Every structure is written in C-alpha cells, then in structure tokens.
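Asks: The chain contents come next:
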Amino acid sequence: MSNFEEKCVPEPERYEFSAAPMHQFELARRDFFKLLGAGIAVFAIAKDALALQETAPGPRNFRSEELPKEIGAWVHVGEDGSVTAFAGKAEIGQNIRTSLTQTVADELRVPFESVRMLMADTAFTPFDAGTFGSRTTPTMTPQFRRVTAAARDLLLGVAAKEWNVAPAGLIAADAKVTDPVSGRSLRYAELARGKTLAQTLPAEDPITPAAQWTIAGKPIPKVNGRAFVTGRHQYTPDLRPEGLLYGKVLRPASFGATLTSVDEAEAKAMSGVVVVRDGDFVGVAAPSEREAQQALDALHAHWKEVPQISNKELFSYLKQNAADKSEERFRKQKGSVEQGLAGAAHRLDAAYTVAFIAHAPLEPRAAVAQWTDGKLTVWTGTQRPFAVRDELAGVFHLPLSSVRVIVPDTGSAYGGKHTSDAALEAARLARAAGRPVKLVWTREEEFTWAYFRPAGVIEVKSGIAADGTLTAWEFHNYNSGMSGIETPYAVANQRTQFHPVPLILRSGSYRGLAATANHFARETHMDALSRAARMDPLEFRLKNASDPRLRAVLEAAAKSFGWPRKKTQEAQGFGLACGYEKGSYVATCAEVAVDRASGAVRVVRVVEAFECGAIVNPDGLRNQVVGAVIQGLGGALFEAIEFENGRIKNPHFANYRVPRFRDVPEIEAILLDRKDIPSAGAGETPIMAIAPAVGNAIFDATGVRLNGLPLVPNGLRST
Amino acid sequence: MAKPIELDVNDKRYSVKYPPDTPLLNVLRDELGLTGSKYGCGEGQCGACTVLIGGAPRRSCQIPVSAAAGKPITTIEGLEKDGRLHPVQQAFLDAGAFQCAYCTSGMIMSTVGLLQTNPNPSHADIVQYLQGNICRCGTHPRILDAVRQAAKMMQERAR
Chain A
1 MSNFEEKCVP EPERYEFSAA PMHQFELARR DFFKLLGAGI AVFAIAKDAL ALQETAPGPR
61 NFRSEELPKE IGAWVHVGED GSVTAFAGKA EIGQNIRTSL TQTVADELRV PFESVRMLMA
121 DTAFTPFDAG TFGSRTTPTM TPQFRRVTAA ARDLLLGVAA KEWNVAPAGL IAADAKVTDP
181 VSGRSLRYAE LARGKTLAQT LPAEDPITPA AQWTIAGKPI PKVNGRAFVT GRHQYTPDLR
241 PEGLLYGKVL RPASFGATLT SVDEAEAKAM SGVVVVRDGD FVGVAAPSER EAQQALDALH
301 AHWKEVPQIS NKELFSYLKQ NAADKSEERF RKQKGSVEQG LAGAAHRLDA AYTVAFIAHA
361 PLEPRAAVAQ WTDGKLTVWT GTQRPFAVRD ELAGVFHLPL SSVRVIVPDT GSAYGGKHTS
421 DAALEAARLA RAAGRPVKLV WTREEEFTWA YFRPAGVIEV KSGIAADGTL TAWEFHNYNS
481 GMSGIETPYA VANQRTQFHP VPLILRSGSY RGLAATANHF ARETHMDALS RAARMDPLEF
541 RLKNASDPRL RAVLEAAAKS FGWPRKKTQE AQGFGLACGY EKGSYVATCA EVAVDRASGA
601 VRVVRVVEAF ECGAIVNPDG LRNQVVGAVI QGLGGALFEA IEFENGRIKN PHFANYRVPR
661 FRDVPEIEAI LLDRKDIPSA GAGETPIMAI APAVGNAIFD ATGVRLNGLP LVPNGLRST
Chain B
720 MAKPIELDVN DKRYSVKYPP DTPLLNVLRD ELGLTGSKYG CGEGQCGACT VLIGGAPRRS
780 CQIPVSAAAG KPITTIEGLE KDGRLHPVQQ AFLDAGAFQC AYCTSGMIMS TVGLLQTNPN
840 PSHADIVQYL QGNICRCGTH PRILDAVRQA AKMMQERAR
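Listed in order, the protein sequences are those of chains A and B.
Start counting the first sequence at 1; every next residue gets the next number (the working numbering).
Start counting the second sequence at 720; every next residue gets the next number (the working numbering).
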C-alpha cells in the first residue's frame with residue numbers, strides 16, 4: 001500500500017481483535033431525548049466497561065474471543081408508543097436487524113412492527129467493537145433482553161404509581177400494562193407521555209426463557225424486505241448527496257511498490273478535476289465517474305517494484321519462513337504424543353494446504369464522505385464503524401466527536417470489511433475537493449487491494465488403537481490461523497501448535513477464520529484414519545466423540561442423509577465431516593458424482609445439521625446455513641487467488657470462479673433447536689464442514705485422497 | 720459536449736447529455752437516480768446491473784448509453800405498478816429469497832426476462848438462465864423457489 005495508507009491504516013488484522021476507543025456514553029445520552037423526543041429510556045453499561053476497554057487486546061492479538069465485556073444496547077419507548085432500539089452492530093446480510101428486533105419486541109411485549117432498530121451509526125449507537133466472530137447473537141441478545149426487561153419494569157412502575165398499587169401484580173402485554181384486579185389498563189404510549197425517564201441497567205432483571213418466547217423463535221421475514229425487492233434500499237454506493245464528486249485512487253503497479261514519480265499536469269488541467277497527492281497517496285475527484293477514470297488514466301506514474309513469490313512457491317515458503325520458536329500461547333499440549341504414537345496400531349502422517357481466497361462481496365468497498373464545518377460524516381459498508389471512526393479521527397487529527405460513521409445495511413462482507421480503506425480515501429479526497437466524494441472500488445480493486453483469507457499448510461501426525469480409539473494427535477498450522485485448531489475428539493495425547501509466518505499478501509478475517517482450514521485438515525485426516533481402521537467414518541467419529549452436542553449433529557445429519565449409503569452408480573461417493581466452533585456445532589454429509597471421462601466433480605446432495613442453542617429466527621438461520629454451504633463450496637472446489645511478483649493474476653469474476661446456480665446441489669439443512677442452551681451465533685460455523693465432507697466423498701468415489709483446498713480447480717484430471 | 724440522447728426508461732422520456740459510450744448503468748444511477756440497478760463488476764460477469772431493454776434482460780454495465788437510445792428500458796424501479804408488486808418481486812419477497820440482497824434487483828430483472836419468453840421453465844431452464852447472475856450469500860435454492868412461484872403466479876393471473 002501507499003505511504004498514505006501505511007500511515008493511516010494499521011496493518012490489517014490477520015485475526016479478529018478488538019481495539020478499544022473511549023466510550024461516548026455521556027455525549028450520546030445528552031443527545032438522546034433530543035433525537036427521539038420524550039419517553040422512557042434504558043441504557044445499559046457495565047460499570048467496569050471503560051477499565052476493560054483500556055486493557056482490551058490490541059492489534060495482532062490472537063485471543064480473538066476476548067472481546068470487551070461492555071454492554072452496548074439502548075432502548076427507548078416514545079410518547080407515541082414507538083420503540084427504538086440501538087445497537088452498534090451492522091446489518092450485512094446476516095439478518096440481525098430482524099433477529100434483534102424480534103428479541104426486543106418479545107421482551108418488551110409489543111408487536112414486532114412497532115420496533116425500529118437503529119444500527120451502526122457512531123453518533124447514536126453504543127460503542128461496538130465490530131460485527132464479527134459470530135458475536136451479535138450471543139452478546140446482543142441477552143443485553144437487549146436485560147435492557148428491555150428493565151424498560152418494561154419502568155413502565156410497570158409508572159402504571160403502579162398512577163394507580164397507587166404495587167407493581168408486582170401488574171401485567172405487561174400487547175404494548176400495555178394491565179391491572180388484573182381492577183381490569184384497568186394503560187398503553188405504553190400513555191405511560192411514556194410527558195416523561196423523560198432514563199435509567200441505567202439495574203444489576204439483574206429476570207429475562208424471558210427461550211421456552212416462553214412468543215416473537216423470538218419464529219420465522220419472521222426480513223425487516224424492510226419490500227425495500228430490497230423494489231430497489232429502494234440505498235446501499236452506500238447508491239447515496240447521492242448534493243454536489244457529489246466521484247473519486248478514484250491511483251493503485252501501485254504491484255504490492256509493495258513505491259511511487260518514484262507522478263506527472264499530474266494533464267489530469268489537473270481537466271475541467272472540474274481535483275487531484276490529491278499526499279505522500280504515496282494519489283487520487284482524483286471529478287463530476288462523473290467517467291471523468292474521474294479519465295483523470296486517473298491521465299496520471300503518469302512510475303513505481304519501484306520489489307520481487308515477490310508466486311502461488312507456485314507458496315506452500316514451501318510458508319514452511320520455510322515460519323517463526324523458529326512459536327510462542328507459548330500458540331501451543332497446547334496434553335499427555336505424551338510420543339507415547340501415544342508408540343502404542344498405536346495404525347499411524348498416519350499427512351500434510352494439507354489451503355489457498356488464499358477472496359471474499360468478493362457483491363457490493364464492493366465503498367464510501368461517501370462529506371465535510372461540513374470541519375466535521376466529517378462518512379457512510380461506508382464496514383463491519384467496524386467505530387474503528388473506522390477512530391482511524392478517520394486519527395488521520396485527520398479530529399476529536400472523535402467530529403467524526404460520524406454510518407453504515408447503511410450493506411451488500412455483504414463475510415469478514416472482508418474490517419478495514420477503513422474506502423472511508424479514508426473518500427474523506428481525503430472530499431477534504432481537498434471541498435465537496436462530498438463517493439468512492440466505489442472496482443471489482444478489480446476488490447480482488448487486488450482488499451485482504452484475503454490467509455493460505456496455510458497444516459501437518460497432522462496421529463495414531464489409533466486397533467479398536468479405532470485415537471491415541472495420539474499432533475497438529476501444526478502454518479500461517480492460516482488458530483480458530484478451530486483444537487480437536488473436538490477425546491484424545492489423551494495431543495500437541496497443537498500454530499506457526500505464524502510473515503505476511504505474503506494482505507491477509508485478514510474471513511467467515512469462520514482458520515476454522516475452515518483446520519476442519520478441512522482434521523476431518524480429512526479423520527476420514528483417512530477411519531479407512532486405516534477399517535471402520536465406517538461415522539462410527540469412527542462417534543467412537544472418538546464424547547461431546548453430546550457433537551454426537552447429536554452427527555447423528556441428525558447421518559439420519560437424514562441415510563448414512564451409510566450403498567452406491568447405486570459408478571463414481572458416486574459419500575463423505576461426512578463435523579466440528580465445533582464459537583458455541584455452535586455442525587455436521588455435514590455430501591454426495592458427489594465424478595465423471596471419469598472428463599474428471600468433472602459434481603456435488604449432488606448435501607445434508608447439514610446445525611445446532612447453536614435456542615434458535616432466534618429459524619428462517620434467517622436456514623438462509624445462513626444453506627448460504628454457508630454454498631459459499632463454502634467455492635473454497636472447497638475451485639476458488640484460489642493466483643499471484644506472481646506482487647500482482648493478482650485473476651482479479652475478475654471471469655477468472656476467479658465463485659459458486660453459481662449450476663454448482664448448487666440439493667441442500668437440506670437440519671436445525672436443532674436447544675431451548676435450554678443460550679443462543680450462539682450462526683454466521684460462521686456452518687461453513688466449516690462442507691470442504692472435508694466433499695473431499696471425503698471424492699475419496700469414496702474414486703480412491704483419490706485430495707489434501708489441498710481448492711480440491712478440484714480443474715476437475716479430477718488424474719483419474 | 721455530447722449531443723442529447725433520448726432515453727425511454729420505465730415509461731418516462733429523458734434527454735441526457737453523456738458521451739455515447741458511457742455505460743447505461745452509470746447514466747441510470749448517476750443521472751436518473753435509478754440506483755436499484757447495481758454495480759457488481761462492470762464486466763458483465765455478475766448480473767447485478769441487469770435491466771430489460773426492449774423486454775430482453777441486458778447487462779447495463781456493458782451497454783453504451785447510445786445503444787439504448789429510443790428503446791424501452793425497464794429497471795427494477797419500473798416493475799411495481801400502482802403500489803402493487805410485480806409477481807416476481809412478490810415471489811422473491813414471499814420466498815425470503817435474499818440475504819444481503821445486493822444481487823436481488825438483477826435476479827428479479829433476469830427472472831422477468833426469463834418468464835416473458837418461457838412462462839413455464841424447467842429447473843434446468845432456470846439454472847441455465849440465471850447462470851450469469853452471482854449471489855455471494857448462497858441464496859440460490861430460495862431464488863429457484865421464487866422463480867417457480869412467480870411462474871405459477873403469472874400463469875394464474877394470465878388465466
């Protein structure tokens with residue numbers, strides 16, 4: 001990246017972390033009633049939130065699950081009975097606007113339609129570290145329940161005072177408080193009238209258990225669905241403020257290239273064009289996108305390039321450049337792997353690889369930036385609005401209160417929209433131009449300058465007893481990451497280690513993080529072990545799985561799939577895989593058909609069982625689970641970034657293949673609803689098991705064991 | 720400056736001054752404010768910018784504005800009539816056939832085009848026809864359901 005960007009953007013995180021800005025609670029609270037009018041409001045904030053934030057993990061910290069424990073949810077009941085709930089999370093297609101609305105309506109005892117969710121606007125929503133890590137449901141659901149239960153109690157208290165009775169006997173339901181003794185009732189709107197009651201969250205308020213949910217737990221359709229089918233919803237690239245200019249940024253010739261000279265004269269001479277040079281950052285703004293492109297083309301730049309490796313040398317590079325001594329926190333050990341191996345009836349050593357892949361969200365990185373009286377407002381599709389705000393404030397030397405970041409419901413992210421690039425670029429151009437600037441990355445920029453899911457090499461050494469019991473398990477992950485690195489199987493002797501490698505390509509979060517790579521290696525290896533033990537792959541897993549929730553998803557998927565199945569045609573194969581991550585469980589069965597003549601592999605049918613505790617919205621969950629299977633098929637079968645000497649060789653949909661209709665198998669999603677277990681997130685775990693399930697099915701069909709992702713970018717040529 | 724180009728979009732006439740090789744998509748979005756058609760790749764590979772020109776689905780990022788002059792153009796904004804959704808829009812809504820929904824306009828426009836020429840498409844017909852439309856969220860099975868449902872609704876209305 002350019003010097004400008006290096007100065008403003010910390011190295012993009014390879015693994016999710018949460019940096020911690022100061023809380024803006026007092027400021028927002030003052031504005032609160034001004035914004036919403038009178039009514040009843042409940043704020044929730046843990047007393048120690050600030051202290052926790054100050055010690056929160058910083059960049060390059062690998063303990064991704066340790067987010068600040070702060071509570072970040074507010075709710076307001078207006079004089080007209082309307083309910084507004086505030087969350088710093090962003091809607092990126094995972095459907096949390098709907099599921100969170102359900103939770104608020106459910107706990108407040110009001111109709112779903114009366115609740116409006118205000119999300120991801122740094123001026124008005126509570127601080128939030130970011131929408132990632134499958135954290136929205138497990139953190140926001142209980143927080144909203146507690147906040148909303150407290151608001152309900154406030155309303156009960158107002159009614160009790162009005163009637164001079166004890167609040168304990170009153171009932172809140174259907175947006176009103178009723179006294180069952182006298183039969184009197186008052187609507188929430190009436191109770192909120194003329195009040196500006198605000199309170200912070202009481203220590204503990206009982207919340208409604210999942211078994212008694214009436215609105216949550218139901219398959220309610222997506223909020224604002226009509227706006228999406230009519231094209232009325234405005235994503236960031238659709239915003240057109242008055243006086244808008246279109247921005248473009250000069251990209252380096254290759255990764256790591258530095259600008260030696262640039263001739264701006266021709267571009268500057270163009271009518272209406274603004275050219276900005278700030279260190280290595282060079283950008284233009286113009287009255288139309290076409291003129292911006294012409295101005296960009298008229299910049300004559302020279303770059304000093306640095307030689308770099310290509311994807312052909314990738315895996316040997318990762319092995320050779322791993323840190324010699326892996327840090328303590330990257331290692332886990334139990335028992336003695338050496339003893340476990342020595343006593344094993346069968347031993348297996350194997351290495352697995354995963355390629356760099358791209359998120360390729362259909363809405364590219366985009367931002368609209370507008371400066372008014374020294375204050376900056378940026379609309380941008382990001383998963384981390386507060387981090388973007390902080391970076392903007394840092395770069396432009398502004399107080400946080402002078403920067404507002406708003407995230408319109410966004411055309412997906414999949415972990416790919418954590419950085420601030422488009423926001424910083426648009427803001428820099430807008431400041432120079434003195435007018436609002438929109439910047440939408442081209443598809444080629446997306447594929448080249450966004451970050452990738454890191455590639456990796458994984459080595460596994462294992463042993464089993466004659467009866468199929470795992471006796472030893474050694475697992476080394478080079479570069480791809482630690483998520484899902486620990487085996488969910490019961491093994492007495494284990495060694496697990498992550499080996500970081502210096503960055504090759506810009507790398508960062510991707511749906512499921514390294515759990516996909518680690519599950520691919522582990523579950524492929526487990527399949528190979530089951531063959532060595534001459535056991536059925538399902539039976540082998542069940543023998544070694546003691547976790548009842550893991551067994552439950554395995555058994556549910558196997559039952560619906562009809563495992564074990566008899567082959568009815570040549571080159572048909574069946575495979576399965578399972579796993580656990582981020583509080584939820586998945587098991588996937590796949591059927592493939594291989595065309596022996598052409599080597600083409602077709603995934604025919606997939607059955608996936610998923611369990612994430614109590615289900616908040618089965619319709620949205622089904623969409624996420626089926627969607628994860630289909631997206632996962634891309635990385636499983638054919639997606640791979642090709643690169644050489646700092647250039648991406650396939651930065652277009654024409655040569656970076658993503659799943660399309662023809663690739664989609666028959667998919668059955670089985671959702672296990674555990675009302676006795678708190679709801680976990682569901683955006684990531686459902687993507688983890690599809691790749692090994694398909695790979696194992698290909699082995700079953702052909703006897704060819706494929707240990708690298710993507711499995712068959714060019715078909716199975718060798719058979 | 721370029722000569723004015725006459726456009727007929729959603730039954731309205733517009734006269735726009737743009738260089739003739741400007742992609743239709745840019746004119747629709749930036750000049751006419753019809754932002755329902757999306758930029759996804761600018762290469763005709765993803766289908767997010769699909770509109771109907773003379774009734775046939777076209778990738779508006781690949782059509783020079785001059786080539787669309789004088790021909791009836793329908794965008795996603797032109798489907799709803801008197802507050803009533805087009806059956807394809809209704810079917811997508813009923814099926815919950817979107818997640819981030821960035822591809823939805825293009826999917827709907829392609830489907831309208833399909834059902835105009837093939838009112839009762841087979842599964843293979845639909846898959847073949849929508850092969851050029853990318854959905855990154857993986858909502859394909861519900862989109863297929865929505866297309867089948869829309870075909871049924873349109874046939875019933877035609878009766």
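Just to be clear, a hint being listed does not mean it is correct.
Stated by the list, open to error - Pairs of lysine to aspartate or glutamate, EDC-like flavour, derived with a Cα cap of 20 Å:
1) 218(A) x 725(B)
2) 675(A) x 619(A)
3) 649(A) x 762(B)
4) 736(B) x 291(A)
5) 800(B) x 875(B)
6) 722(B) x 291(A)
7) 871(B) x 762(B)
8) 790(B) x 813(B)
9) 34(A) x 153(A)
10) 375(A) x 291(A)
11) 567(A) x 666(A)
12) 649(A) x 242(A)
Just so you know, the hints here were simulated from the structure itself, not pulled from any lab data.
All of these numbers come straight from a predicted model, not from anything done at the bench.
Asks: Please go over all the hints and tell whether each is borne out by the structure.
Replies: Here's how the hints hold up against the structure:
Taken as a hint, the residue 218(A) and residue 725(B) pair is broken in the structure, with Cα atoms around 50 Å apart against an allowance of 20 Å. Among the hinted pairs, residue 675(A) with residue 619(A) is consistent with the structure: their alpha-carbon atoms are about 16 Å apart, no more than 20 Å. With a C-alpha separation of about 16 Å, the suggested pair residue 649(A) and residue 762(B) falls inside the 20 Å cut-off, and the hint holds. With a C-alpha separation of about 14 Å, the suggested pair residue 736(B) and residue 291(A) falls inside the 20 Å cut-off, and the hint holds.
Annotation: proposed proximity of residue 800(B) to residue 875(B) holds, straight-line Cα distance about 18 Å (limit 20 Å). The hinted pair formed by residue 722(B) and residue 291(A) meets the criterion: a straight-line CA distance of about 17 Å does not exceed 20 Å. Restraint check for residue 871(B) and residue 762(B): the C-alpha separation of about 33 Å exceeds 20 Å, so the hint is violated. Pair hint residue 790(B) plus residue 813(B) does not hold up; C-alpha atoms about 32 Å apart against a cutoff of 20 Å.
For a cut-off of 20 Å, the pair hint linking residue 34(A) to residue 153(A) is broken: about 23 Å separates their Cα positions. Simply put, residue 375(A) and residue 291(A) have alpha-carbon atoms about 27 Å apart, too far for the 20 Å limit, and the pair is violated. Proposed proximity of residue 567(A) and residue 666(A) is supported: the alpha carbons are some 18 Å apart, at most 20 Å. With a C-alpha separation of about 39 Å, the suggested pairing of residue 649(A) with residue 242(A) is violated against the 20 Å cut-off.
In summary, the numbered hints that this structure violates are 1, 7, 8, 9, 10, 12.
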